[in-house]
Amino acid sequence: MDIAVFLVQCLNAVQYGLLLFLVASGLTLIFGILGVINLAHGSFYMIGAYLAYALAPWAAAHLGAGFFGALAIGLVLSIVFGYVLEWAFVSYLYQREHLQQVLMTYGLILVFEELRSIIVGDDVHGVAPPAWLSGSVALGGVMSYPVYRLFMSGVCIAIALALYAVLTRTRVGMAIRAGATNREMVQSLGVDIRLLYRIVFAAGVALAVFAGMIAAPVSSVYPGMGNQVLIVSFVVVVIGGIGSIRGALLASLLVGFVDTFGKVFIPQIAGILVYLLMALILLWRPEGLFRTS
Amino acid sequence: MIFHRAMLVRAVLAAALCTGAGGVAAQGKIKVGFMLPYTGTYAALGTAIENGFRLYVQEQGGKLGGRELEYFKVDDESEPSKAVDNINKLIKRDNVDVVVGTVHSGVVMAMAKVAKDTNTLLIVPNAGAGAVTGPMCAPNIFRSSFSNWQPGYAMGKVAGERGAKKVATITWKYAAGDESVEGFKEGLKASGGDVVKELTLPFPNVEFQALLTEIAATKPDAVYAFFAGGGAVKFVKDYAAAGLNKTIPLYGPGFLTDGTLEAQGAAAQGMLTTLHYADGLDVPKDKAFRADYNKAYKTTPDVYAVQGYDAAQMLGAGLAAVNGDVGKRTQLVAAIETAHIDSPRGAFTLSKAHNPVQDIYLRKVVGTENRYEGVAVKALADPAKGCGM
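Chain order of the listed sequences is V and C. Numbering follows my numbering, with no gaps: position 109 of the first sequence is 109. In my numbering, each residue's number is its place in the second sequence (first place is 1) plus 293.
No lab work stands behind these hints, which were simulated from the structure alone. Please read these numbers as outputs of a predicted model, since none were measured by experiment. Backbone N, C-alpha and C fix where the C-beta goes; we use that ideal spot for every residue, glycine too. A portion of the hints provided could be inaccurate.
[Unchecked claim] If we take Cβ atoms under 8 Å as the criterion, some of the chain V residues that face chain C in the derived model are:
no., residue
1, Val5
2, Asn12
3, Tyr16
4, Gly64
5, His125
6, Ser136
7, Gly140
8, Ser188
9, Asp192
10, Gly224
11, Asp259
12, Lys263
13, Ile266
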């Protein structure tokens, strides 16, 4: 493999890893802070992609900015959606066992998939990226690289930084981290923990929906698209350490590299490499790379 | 309490009478069991197959071989682990005379095994797994669609004739992909080319970027890809986005573009694929079929509807020969084996292993159609490796 091809492959790995991070960060927030195993997280990703598909024509007609208009509306809708979902279902799960959480959120997957089938149907759809991002740049004579993929990576980095800043530098972030460690103590200090949890869940849902929307032009929109993402996201969360944003970022990139170079060098076992990585890391550090205190 | 018990007894008696009466009434009807995907990724395909089947039966006045049909349905969910249970529901619970199914190759393998063990008549209306008309072949198992090998071989032949010497292949690492690539390789070698790089990724992974970079570095004369559904859309778009379609032509079996052209948009324009069906065929039967289907279901039929329609034709040919007496299995099977099926895809016959011997067409993507370009290979028969019949 010559150096130019190697560098392009590294770019592929980073770019895939960053998108994974966007989905997994929401999952690790909900899992780590609320203690809820949320199997429906993949469905939120799927809902995001379908929102981008459904809203883009409407936004283009009424707001003049098709894709970004859809992105903005979708983001608002997803926060409301997450907030309501927490109030209606998830808030009953905090004191329950993991098995009941799994049952409830698995049920949500089935409901969302059926609703999707009824409302939009089972066809595959494409979403067009905004015109100014639809070109591509030549990379060292190897191949051309779509500008939209680079844009996606930029957005993911921006969100990673923003998340990190909110959690470590703001009062809300502090309350969230404290709430994860000791729910009762934070409550007795006068923080409305129910509202806090509702916000965290809404933010987690919004992250997944946003990831689905921003990935839609690249991944297309099709039934069952959330399930694949869900499994890899859980791997990322487990490798990174449950609840750790830093861990999720590092783990996403690690998975991106292992997946990309695994496909190139050892395609025979590429399907299990990511899980092998997870097993090895768990042997070495059972709590994952970064453990939340 | 006593009142309730009396009610219960009455209800049970009534139910028993009903089923008894139902049993008598149903004796006159032939029981057809659809085992198809009605939910999930392949739901649209399952519906199209059933629609096609019912359309032919309606055209015959609702009767095949002089007997009316009664339908039983099971949703196979494209789930191989449930396949044995599902087909047993039709065979053991509903006592069907014939099973029609299914789309997914993994599910069909389990179905073929059960059909073989219980000697149930099975007509496969889509799944192209080579084994069904290969090592697993049996007198009671038929296929109205294709084998994965067939479109692959035809595309290989065309690619070689168009001057491709060094070709890279890419597919998911699973049976259907392997069989398709195998067919392609044989066709390509027969017309003077060779496969220089075989790329695979785990099913149903859709992160193609790493392998597209490999293709760009290899610089082959052409690429052959086997994907379906969402994966196919993403691959064709990623291939175009990487700029590869400008220098390296992308070939594939028809599944790469069928039913998903609206989503693939500009990325697929001009692409060549091979399949046993196409838009704009000059076949009178096809024009009539399309018009009738459109009238009945308010939508344009696809290749899956054709395969369902032909499954009914094959069953009809068999039943006509025995006047609807499904007990005369040997004559029924012999009649299907020798039948000329007047399919919308063009007439076909069946091979010794019960797979269609059919023309494979070369098609070109124009707008949202897979437009007929010519015949890639005439009357192509699957080699039926491992079949003892």
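Here's how the hints hold up against the structure:
1. Val5: holds (5 Å)
2. Asn12: Holds, because the Cβ-Cβ distance from Asn12 (chain V) to chain C comes to roughly 4 Å (cut-off 8 Å).
3. Tyr16: Holds. Min distance 6 Å.
4. Gly64: violated (22 Å)
5. His125: Holds, because the Cβ-Cβ distance from His125 (chain V) to chain C comes to roughly 5 Å (cut-off 8 Å).
6. Ser136: holds (6 Å)
7. Gly140: violated (10 Å)
8. Ser188: violated (47 Å)
9. Asp192: Since chain C brings no Cβ nearer than about 42 Å to Asp192 (chain V), farther than 8 Å, the hint is violated.
10. Gly224: holds (5 Å)
11. Asp259: With a closest approach of 7 Å, the Asp259 (chain V) hint holds.
12. Lys263: holds (5 Å)
13. Ile266: violated (11 Å)
In the structure shown, a violation is registered for the earlier hints numbered 4, 7, 8, 9, 13, in ascending order.
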